[in-house]
Amino acid sequence: MISGTHTGAAIALFVGLVFSALGCDKKESPPAADSAAAAVVAPAPAAGPVTLTGSGASFPAPLYSRWFREFGEKNKDIRVNYQSTGSGAGIKAFTEGQTDFGASDAAMSDDEIKAAKDNVILLPMTAGNIVLAYNLEGVPELKLSREAYAGIFLGEIKHWDDPKIVKTNPGVKLPKLDISVVHRSDGSGTTFVFTQHLAAISEKWKAKPGVGKSVDWPVGVGGAKNDGVAAQIHQTPGAIGYIEFAFAASTKQPMAALENKAGKFIVPSLKTSATALAAVELPADLRAWVTDPGGDESYPIVTYTWILAHKKYDDKAKATALKSVLKWCLTDGQKLSESLFYIPLPDAVSATVLKAVDTIE
Amino acid sequence: MATRKTTATANPDLTEAFRSPVSRPPTAWQKGFDVAFKNVAYAFGVGVVLLLAGVVFEVMRHAKTAIADYGFGFITSSVWDANNGHFGILPEIVGTLYTSFLALAIGGFLGVTVALVLSQGFVPRRVELIMKNVIELLAAVPSVVYGLWGIFVLIPAVRGPSGWFNEHLGSIPFFSTRLSGPGVFPASLVLSIMILPTVTAISREAMAAVPPRLAAAAYGLGATRWEVIFRVTLPTAVGGIFGALVLGLGRALGETMALAMLVGNANVFGWSLFSPGNTLAALLANHFPEAGKVEVGALMYAAFVLMLITLAVNALGSFIMLRTTRELKGLG
Amino acid sequence: MANPTMTPRLVPVSSPVSFRRSMGERRTLGNTALTVAAVGLSLIAMFPLFSVLYMLLVKGGALLSPSLFSELTPGAGMDGGGIGNAVLGTLVVVALSTGLALPLGFLGAVYLAEYGGESKLATVVRFSAKVLTGLPSILAGVFAYATVVVLTGSFSAFAGACAMAILMIPTVMLTSESALRGVPSKMKMAAFGMGATRAQVILQIVIPTAIPGILTGVMLALARAMGETAPLLFTALFSDYWFDGKLLQPVASLSVLIYNFAGSPFEHQVALAWAASLVLVSIVLVLNVTAQIVTRRPQEH
Numbered sequence: 000m001i002s003g004t005h006t007g008a009a010i011a012l013f014v015g016l017v018f019s020a021l022g023c024d025k026k027e028s029p030p031a032a033d034s035a036a037a038a039v040v041a042p043a044p045a046a047g048p049v050t051l052t053g054s055g056a057s058f059p060a061p062l063y064s065r066w067f068r069e070f071g072e073k074n075k076d077i078r079v080n081y082q083s084t085g086s087g088a089g090i091k092a093f094t095e096g097q098t099d100f101g102a103s104d105a106a107m108s109d110d111e112i113k114a115a116k117d118n119v120i121l122l123p124m125t126a127g128n129i130v131l132a133y134n135l136e137g138v139p140e141l142k143l144s145r146e147a148y149a150g151i152f153l154g155e156i157k158h159w160d161d162p163k164i165v166k167t168n169p170g171v172k173l174p175k176l177d178i179s180v181v182h183r184s185d186g187s188g189t190t191f192v193f194t195q196h197l198a199a200i201s202e203k204w205k206a207k208p209g210v211g212k213s214v215d216w217p218v219g220v221g222g223a224k225n226d227g228v229a230a231q232i233h234q235t236p237g238a239i240g241y242i243e244f245a246f247a248a249s250t251k252q253p254m255a256a257l258e259n260k261a262g263k264f265i266v267p268s269l270k271t272s273a274t275a276l277a278a279v280e281l282p283a284d285l286r287a288w289v290t291d292p293g294g295d296e297s298y299p300i301v302t303y304t305w306i307l308a309h310k311k312y313d314d315k316a317k318a319t320a321l322k323s324v325l326k327w328c329l330t331d332g333q334k335l336s337e338s339l340f341y342i343p344l345p346d347a348v349s350a351t352v353l354k355a356v357d358t359i360e
Numbered sequence: 000m001a002t003r004k005t006t007a008t009a010n011p012d013l014t015e016a017f018r019s020p021v022s023r024p025p026t027a028w029q030k031g032f033d034v035a036f037k038n039v040a041y042a043f044g045v046g047v048v049l050l051l052a053g054v055v056f057e058v059m060r061h062a063k064t065a066i067a068d069y070g071f072g073f074i075t076s077s078v079w080d081a082n083n084g085h086f087g088i089l090p091e092i093v094g095t096l097y098t099s100f101l102a103l104a105i106g107g108f109l110g111v112t113v114a115l116v117l118s119q120g121f122v123p124r125r126v127e128l129i130m131k132n133v134i135e136l137l138a139a140v141p142s143v144v145y146g147l148w149g150i151f152v153l154i155p156a157v158r159g160p161s162g163w164f165n166e167h168l169g170s171i172p173f174f175s176t177r178l179s180g181p182g183v184f185p186a187s188l189v190l191s192i193m194i195l196p197t198v199t200a201i202s203r204e205a206m207a208a209v210p211p212r213l214a215a216a217a218y219g220l221g222a223t224r225w226e227v228i229f230r231v232t233l234p235t236a237v238g239g240i241f242g243a244l245v246l247g248l249g250r251a252l253g254e255t256m257a258l259a260m261l262v263g264n265a266n267v268f269g270w271s272l273f274s275p276g277n278t279l280a281a282l283l284a285n286h287f288p289e290a291g292k293v294e295v296g297a298l299m300y301a302a303f304v305l306m307l308i309t310l311a312v313n314a315l316g317s318f319i320m321l322r323t324t325r326e327l328k329g330l331g
Numbered sequence: 000m001a002n003p004t005m006t007p008r009l010v011p012v013s014s015p016v017s018f019r020r021s022m023g024e025r026r027t028l029g030n031t032a033l034t035v036a037a038v039g040l041s042l043i044a045m046f047p048l049f050s051v052l053y054m055l056l057v058k059g060g061a062l063l064s065p066s067l068f069s070e071l072t073p074g075a076g077m078d079g080g081g082i083g084n085a086v087l088g089t090l091v092v093v094a095l096s097t098g099l100a101l102p103l104g105f106l107g108a109v110y111l112a113e114y115g116g117e118s119k120l121a122t123v124v125r126f127s128a129k130v131l132t133g134l135p136s137i138l139a140g141v142f143a144y145a146t147v148v149v150l151t152g153s154f155s156a157f158a159g160a161c162a163m164a165i166l167m168i169p170t171v172m173l174t175s176e177s178a179l180r181g182v183p184s185k186m187k188m189a190a191f192g193m194g195a196t197r198a199q200v201i202l203q204i205v206i207p208t209a210i211p212g213i214l215t216g217v218m219l220a221l222a223r224a225m226g227e228t229a230p231l232l233f234t235a236l237f238s239d240y241w242f243d244g245k246l247l248q249p250v251a252s253l254s255v256l257i258y259n260f261a262g263s264p265f266e267h268q269v270a271l272a273w274a275a276s277l278v279l280v281s282i283v284l285v286l287n288v289t290a291q292i293v294t295r296r297p298q299e300h
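Just so you know, the sequences run in chain order E, W and L.
Under numbering that gives the first Met the number 0, think of the first position of the first sequence as 0, with each following residue one higher.
Under numbering that gives the first Met the number 0, think of the first position of the second sequence as 0, with each following residue one higher.
Under numbering that gives the first Met the number 0, think of the first position of the third sequence as 0, with each following residue one higher.
Treat the hints with care, since some could be wrong.
Said to hold, decoys possible - Computed from the model, here is a short list of chain L residues facing chain E with C-beta under 8 Å:
#	residue
1	G74
2	L236
3	D239
4	P264
As the list claims (entries may be wrong) - Beyond 12 Å from chain L on every Cβ pair, some chain W residues (computed):
#	residue
5	I66
6	F121
7	I171
8	S175
9	F241
10	V267
11	N313
Calculated from the structure, these hints are not laboratory results.
The C-beta atom is built at its ideal place from N, Cα and C for all residues, glycine as well.
Could you build all of it, start to finish, from the sequences and the hints given here?
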């Protein structure tokens, strides 16, 4: 039978092993789960490539992965590992110091910046537009009025042959099919921008569900990240959902032409989106959205997307590496944007952002 | 065999034996090592208990504030609104239970049937062996691969018939919506495939434990095969079969990936088989990576509820198995 | 009262008695119908495996080539690339988690089989292990996140391995215990008779004899661990680069790759998901089959 000493020795031994194992791997970093320190993890070894880890928005992920791959080929001593996890997850990981940089189309709210101890700088890197992609066989073009698309997402318009949709699509044979709404199941900057726009055009939406990275959707199924929503739409007859332009364009998914503020039906394209974006005035902290752009040629749902970096890094090597990556993306990288269906930053904007990058240390 | 000590040949001289390198009492060093080894073994044994306690404690610790904040309303609310701090897991609880019980109904029924076929000599032994291996291989396929298969094979296959059911039998609550893509039914089907091997294996053991003379007696009285099954084998093995079902349910309740990929991640619930839904595990998988402090608390509360449900069901299943094996031993 | 189903049929002595049931009788018909139904249902139950294997071979096999294993995962919308980093990552995480789980599970099993017996502590330990086998894998991931990721401040292969180890330990422990118990006591008694200490008996006789059973348990635990996704989702995250020896950085894995790419709108990524599934299922099947062979082999005593 076990004696007291046996059990005591056993427990002490085990606990000791556990703590020594944990202790070996503990780094200088926030003490407990509740701390939201902004300090970055301890330095990587000086020799060998500097590895930067980032995660966040799926909105710009195709562009970022191309950028970082190209940059890595030209600069063998810097590796950037970006994982598309959704803006919400990106902000959180960045705030808790688990990644070196984040990415979000919802930038960061004041509360979030406070949680990151203000050691945050928001850098617009590129811009894109959000489209309503749909899956209707035999319907290559679709015009949706504001009433129509707000109603669809509110769950009030349930079938494709609803009068409100038929009205704006004369001559198109719309089937009596249920509308399957697809939204995001994870915390998303894309959702934030889209709901902001819906709130701007529909009082009902503003009241409930309102704006946010994650809202209580009246109808629909959830897909994870832009990828998941795009895949869902592609696989489900009668589906409609909101995704970033690049995802629809590169997979050749039909997109609806939306009615803008001026009452015109605009087909999503880089040109019409750039026009809308020109209306955005970036303030000093570089956060701004245009929720309902005016102008005849403006596509109604556009946004910048931000990389979240720290103002001060503990590891200077990482700071230097990050700066050179970001500078490349803001200059040479912009040349790749259009081919991947993203809107290149206006020159004035990229100049401002480059200045901001210089302040990182 | 790996024993390095060969049996000592008979040695009449005892002192000789005590001095022989092959057989003698342990040295002080060996005794010390023996005690150390024993302590290490004890430590690791206790370590497993500590691990379980650690996991439970950690989840509870994080859930404590959330439990205090939301109380019981958490379990009855259907809203998941991270912005305004309103959380409720009722759709997820219903979804977890609905998919699991549906999977149990399908997988359990099929599992017991397969166990019957494999243990009652319906097919030649070689076919039995092949079937047994195939069923075991079903268990080897990772959950995420089932999810992938479900998305590209099962859902398209089910979509058509579901439309038919919805059109013609739409008044029955089970068929009240159309299947657009992911939903309760495809998720439950895949789940039932995943628990089938568990149910089959344990049921087979239970059926094999039925003493053959009971069945032989019935045959001697002129019973047909199925009469023996229904009146002798199943009633005797029912304890083990019940245990198998409970353990299968336990497995279904804890399943994450296939459900996250196939259930639709929508915070709604209802009777319709074809509507999307959500489960506790899928909720955790989707929201955990990005949860801010407030949401993490709510998610830990959900994790706590999930833990309670799965632990309770698994403990119940283990307990039933323990009791029925004891009963069957008495019968033999 | 005479039970009609049990009343033997009276036949004239002159005609030969046949015990074959005629199909015309209702009982026999019912019996046969049930047999057909049961066997039919069993075949249906086996069908999903064949469907899965077929899809894996057809869709996964399409991309099977050496470059699949030597290239890195491509970004969204990019062509080419492979799953090499994911294969290596899975092997690394699983090896690490086995290194963590094996000592704990195995020595715990030694305790259960050799020292604990049926004592109260041993019952508690055994019960804990059984309960841990039923722990949803996502909770292991949550626990590893709350402890390792938060403490070390980054997503890492080590955190993923810890989460995985939590899932492997109970299986290794319980299967090792039955393997150890299966060693015949006369072997142990002979050794004790020669003056061996308990530790010597265990280390030099019991364990070597039980190795096949232990190996089986380890292989089954390995096979299960390789396929797990939920524990790795927010511990090891993912990486688009080769594992470079840094255990405290995110690492790629086959299961997370499949999860990420399965929901992708880019066809090439979906194709890679199928290829990765084929590789993963092949490894898992090989492990399972090997485990079965190992158990069947040694029947010397």
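* Asked: Among the hints numbered above, which are violated by the structure, and what are their numbers in rising order?
  -> 6 and 11
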